[in-house]
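Student: Numbered as in the working numbering, the sequence shown ends at 318 without a single skipped number.
If you're looking for bench data, these hints aren't it; they were derived computationally from the structure.
Just so we're clear, the structure is a prediction, and the values are computed from it rather than from any experiment.
Check before you lean on any hint, since a few could be wrong.
[Unchecked claim] Okay, derived cross-link-like pairs now, DMTMM-like style, lysine to aspartate or glutamate, Cα gap no bigger than 20 Å in a straight line:
| no. | residue 1 | residue 2 |
| --- | --- | --- |
| 1 | Lys-139 | Asp-167 |
| 2 | Lys-285 | Asp-303 |
| 3 | Lys-285 | Glu-306 |
[Unchecked claim] Derived CB-CB ranges, DEER-like:
| no. | residue 1 | residue 2 | range |
| --- | --- | --- | --- |
| 4 | Leu-204 | Pro-180 | 36 to 46 Å |
| 5 | Pro-55 | Asp-117 | 42 to 52 Å |
| 6 | Tyr-190 | Val-59 | 12 to 22 Å |
| 7 | Asp-69 | Thr-44 | 31 to 41 Å |
Backbone N, C-alpha and C fix where the C-beta goes; we use that ideal spot for every residue, glycine too.
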Amino acid sequence: MSSSRSDSLPALPAEPRALTSPAAADGFEIRQRGWAKRLLPQTTFGRSLLLIVIPLVLVQMIAAWIFYDRHWETVSYRLSADVAGEIAMVIDAVEPTASDPELSGQLRHASDMTELDFTFRSGGLLPEAGPASGTTLEKQLSRALTRRVQRPFRIDDVGCERCVLVDVQLDAGVLSVNIPRGRLFTATTYIFILWMVGSSLVLLAIATVFLRNQVKSLRRLAAAAEEFGKGRPVSFTKPEGALEVRQAGAAFLRMRERIDRQIRQRTEMLAGVSHDLRTPLTRMKLALALIGENSSVAELKSDVAEMERLVNVYLDFA
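All chains should be built: construct the whole structure from the sequences, respecting the hints.
Tutor: Following this line, the structure appears as structure tokens:
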């Protein structure tokens, strides 16, 4: 009889199971499916930062390519074309008087006017051209000299760090030109790249600080939900952060209040029922004590003891 009565009573609620890891919720592990999702950052901060970094890097690459393709190459070619035009002008001026004793004076005057260093080797021949360096500067200058000078020439942009040497074959000899690299190269390229990358890093640092502040409120809310699920006291009382995070925090506080009220009402009900059951059990024990001893009375006393044990369990739980 005692076993059948105990089986009919409702089972006590189980203890809440603690989360074993941050990647678990309600005892179920959160898994990422697909290799692409597994490569993505798992945290909100990492994914938000990725949403900022990827467009920023793409914009930097596109801007650098457009600047290099449209601006830098155009400016570099125009600088090379200006130098080639000055060389062609000097050649047209000195070639008719290549044997004139005043040629050196004319070349010095041309050097002062153009900031290029001209020297003439009478009767010289153009040395054999070495392998091309393949640099953008060499290609731009070669194309400009081909269009403007229209004479055999040789370019050496490797032998000197601060200058480019150009030899042009004339009828009476070889005209050598020492060109400062500053005439063929503009520093705005590096300045533009440095400013672009530097400003992007500063903006990225500012965005990272703001993202950390936004994610901090989410972490506090997640920690409060986990502590509440474990049955521990929660110090989360004021939602902070963005509007959506504050709405989620307010919803959590309302949910916690409803659950606490429900648990409190259930506990009070169990305590009241248990106390109410102890009164008839006490009367039954007194009545059985007044009845003589026999097999039926012993069985009833056993049932009463079992019921009293269950009532005590409910009281302890309440």
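Student: Could you run down the list of hints and mark each one as holding or not?
Tutor: Outcome of the hint check:
no. : hint                           : result
1   : Lys-139 to Asp-167             : holds, 16 Å
2   : Lys-285 to Asp-303             : holds, 10 Å
3   : Lys-285 to Glu-306             : holds, 12 Å
4   : Leu-204 to Pro-180: 36 to 46 Å : holds, 38 Å
5   : Pro-55 to Asp-117: 42 to 52 Å  : holds, 49 Å
6   : Tyr-190 to Val-59: 12 to 22 Å  : holds, 19 Å
7   : Asp-69 to Thr-44: 31 to 41 Å   : holds, 38 Å
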